[in-house]
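There are 2 protein chains.
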Amino acid sequence: MTDCLGDEAGDMTPMDLYEKLTSQGDTVRTLKTEKAAKADIDAAVQLLLKLKVDYKQVTGQDYKTGCPPSECAVSQDNGPAAAAADGEDMVDPWNVSTTNAKGVDYDKLIVRFGSSKIDQELVDRIERVSGQKAHRFLRRGIFFSHRDMHQVLDAYEKNKSFYLYTGRGPSSEALHVGHLIPFIFTKWLQDTFDIPLVIQLTDDEKYLWKDLSLEDCHRYTVENAKDIIACGFDINKTFIFSDLDYMGASPDFYRNVVKVQKHVTFNQVKGIFGFGDSDCIGKIAFPAIQAAPSFSNSFPQIFKGRKDVQCLIPCAIDQDPYFRMTRDVAPRIGYPKPALLHSTFFPALQGAQTKMSASEANSSIFLTDTPKQIKNKVTLKLFYCVISIIIPLIAVLYLCLQDYASGALLTGELKKRLIETLQPMITSHQERRKQVTEETVKQFMTPRPLNFNF
Amino acid sequence: MTDCLGDEAGDMTPMDLYEKLTSQGDTVRTLKTEKAAKADIDAAVQLLLKLKVDYKQVTGQDYKTGCPPSECAVSQDNGPAAAAADGEDMVDPWNVSTTNAKGVDYDKLIVRFGSSKIDQELVDRIERVSGQKAHRFLRRGIFFSHRDMHQVLDAYEKNKSFYLYTGRGPSSEALHVGHLIPFIFTKWLQDTFDIPLVIQLTDDEKYLWKDLSLEDCHRYTVENAKDIIACGFDINKTFIFSDLDYMGASPDFYRNVVKVQKHVTFNQVKGIFGFGDSDCIGKIAFPAIQAAPSFSNSFPQIFKGRKDVQCLIPCAIDQDPYFRMTRDVAPRIGYPKPALLHSTFFPALQGAQTKMSASEANSSIFLTDTPKQIKNKVTLKLFYCVISIIIPLIAVLYLCLQDYASGALLTGELKKRLIETLQPMITSHQERRKQVTEETVKQFMTPRPLNFNF
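Protein chains in written order, with the UniProt record's numbering: chain A, 1 to 454; chain B, 1 to 454.
Keep in mind that the hints were calculated from the coordinates and are not lab data. Treat each hint with caution, since some may be false.
[What the hints assert, rightly or not] In silico lysine-lysine, PhoX-like type, Cα no more than 25 Å apart, as pairs:
id, chain 1, residue 1, chain 2, residue 2
1, A, Lys38, A, Lys50
2, A, Lys56, A, Lys108
3, A, Lys50, A, Lys32
4, A, Lys375, A, Lys434
5, B, Lys307, A, Lys210
6, A, Lys434, A, Lys372
7, B, Lys133, B, Lys117
8, B, Lys210, A, Lys307
9, B, Lys304, A, Lys442
10, B, Lys337, B, Lys158
11, B, Lys372, B, Lys434
12, B, Lys442, A, Lys304
Using the sequences and the hints given, assemble the complete structure.
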């Protein structure tokens, strides 16, 4: 940790200031991670803000992470790392934070990311094309943004099918309820459109980013797969894979990883993900591994070598940087761009400013929690966050939240309802999970043909 | 992403100048190689010198090959890319060049790389331990440098065996005679010590570095494997693998790649290999793939999961940067450091300043050349280079070269001898190569146990 106090900004070059800012950003992050005293954090944040003001005075530009002053003038990237600069929300695969107590402004995010809003017209169209009532996550704006969804539907109407790709970084044994959101929705998409699904568990990523052994990461993968399978996926339509296993089991997958790696420079991942020179080369190359499942010939056992089957990725919006990169590369290596459906992410119990983390025991309601733990967490924690998790999950009217906000619903009553709904829901998930044997996991995770003709 | 350069010629950035300088350096080299008119060469050199002066004015630094302006200031490494700066020889996996017409100074290289000279004492010891006369490449200083070879022999004397790892980047269909050097020597080591051998063909590397398709790189791999097999390797002791195939066939190999990738930063590969921000992420991560075969548990089918079998790598000295990195990482991930035996590399027909390249038709004597082509090349080209290739290969007395240099051997006589020795040697290689069927290649390249108990 560098101490930045006591320097005068006036004499400093833009690069000096840039480096001070970067280092101060690290300091703030470290203090937060280490749960330092609030006063210390506040002081560090204040210094950070002061440095940003100085920086703007000296350079005429906003400070952007990963973009030193000389480069910023021509940087055309509007990625999340860059955007975090001017007090905007910070949203990338490893950091979600906002200075706004109400949480991330998703409409602004759509503009910044250049995606499209899921409007009523699109929801109606999905209902028309599928002949099914749209899922509540679509109707309630949990999935709120998309890329190229109309194109997917155009093709589907002409009998050109597509496949689904989603995933998860297995950073701990236990999932929390927020983690189920993409899987619940993905299952609905799969059932509704009758299409294959691949689920990537990025145990290699977790090994690279966290202080975990390869063995732990792989064990979490198998445990997480059980929770995912417990959501009810059809074994005839679903392939779940660990990167650590599948990379070493599919030359076609690796070929696509190398193709992407050839077409993305360090400059680009620096701009998109904020990587720096002291990051390990594994992190730097990893985005290609998350990109590869977007291309159907990464799964020759499913798509019989076809490289042109359209991919649709339902994921939380913080994963979008990976797929912006993927969509940029795709046409250059002769593949269709994957389409996307973005969900909001689900705030932690500590507050709306960050997303839930599987790594912190008290930040979430976990799928392994006992009824008593659920009761305690809902009763004692900042349960307004819980609401945003639970309401979509249990299909209680969204208005309920507004009732509560307006005072029409009493706190005690709301807590009671939540506990009563959560306890059986999680208990029954735990029951289903118990049914998932090692053998079933193995079956889901074996590369094999699925019940589709492509 | 666009880069940061301005495009006005009058107002050149350091990076503009750097690129102009690099390109002008190439021009000068090409003119010299092609023996252009002296006036043309002089003019090109003068422009080069002028650009160097401009560069120093603008950046305050001396121009360094392979080291773009923004990075030079922070480069802390004394690796090959950096060392090329002050008129020293440039030796790294992609560039071998020297300003000295006699060729690279290998004694200086030993000092700079921090390796040890293969002295008479080591040669004698190898003879004692193996009970065999040392190979002529050892006796004549073709293999001239090592790391930890005494340690390998200490262990071998205590019945602790080791394995061999060598490799090749398949950049074209045809190998030249210089490419056989490491394989001829490796075969001798294998026969002498009766140990397993793994041969890595880095088709992924060639795809990342060259303007080649994945399919071409993989085809070259298979063709090159035939030439390697034709050297006479025992199928019961030898595993040859394509990265593009084996990475996708061995989860254990990929796990070691990720382990190395986690423990090497971009700063480090920048220092060691001269990578820059505009290099693709595949190049940046690749060194881990060349490192992984140094660890025995990358081949569980051979070593039954053991991670502690010592590795010995015979290779040309230009590959050393990869293995300095590997040796740095090894203890941090719980593996023994690989030992090394370094050979000189073999200069091109155009002159002693560069190494032979498989990509230029006239730079070498290829294993596919007809007797007539061999005759023409030896007769017409700068055959003093051929001597340094041929003499070790055919075991003609090394003194022969000194005779020639001293005038005792006439040019015509030397050419005649070379042609007479080369023609049957290459013809017989071609015969042996014809015997190598696709089936044999497949057998060598199938992951399988070898005839050893570990």
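How the hints compare with the structure:
1. Lys38(A) - Lys50(A): 18 Å, holds
2. Lys56(A) - Lys108(A): 22 Å, holds
3. Lys50(A) - Lys32(A): Roughly 19 Å separates the two Cα atoms, so the pair holds.
4. Lys375(A) - Lys434(A): 22 Å, holds
5. Lys307(B) - Lys210(A): 24 Å, holds
6. Lys434(A) - Lys372(A): 20 Å, holds
7. Lys133(B) - Lys117(B): The given pair, whose Cα atoms are some 19 Å apart, holds under the 25 Å limit.
8. Lys210(B) - Lys307(A): Holds. Lys210(B) to Lys307(A) sits at ~24 Å (cutoff 25 Å).
9. Lys304(B) - Lys442(A): Measuring from Cα to Cα gives roughly 23 Å; hence the hint holds.
10. Lys337(B) - Lys158(B): 18 Å, holds
11. Lys372(B) - Lys434(B): 20 Å, holds
12. Lys442(B) - Lys304(A): Holds. Lys442(B) to Lys304(A) sits at ~23 Å (cutoff 25 Å).
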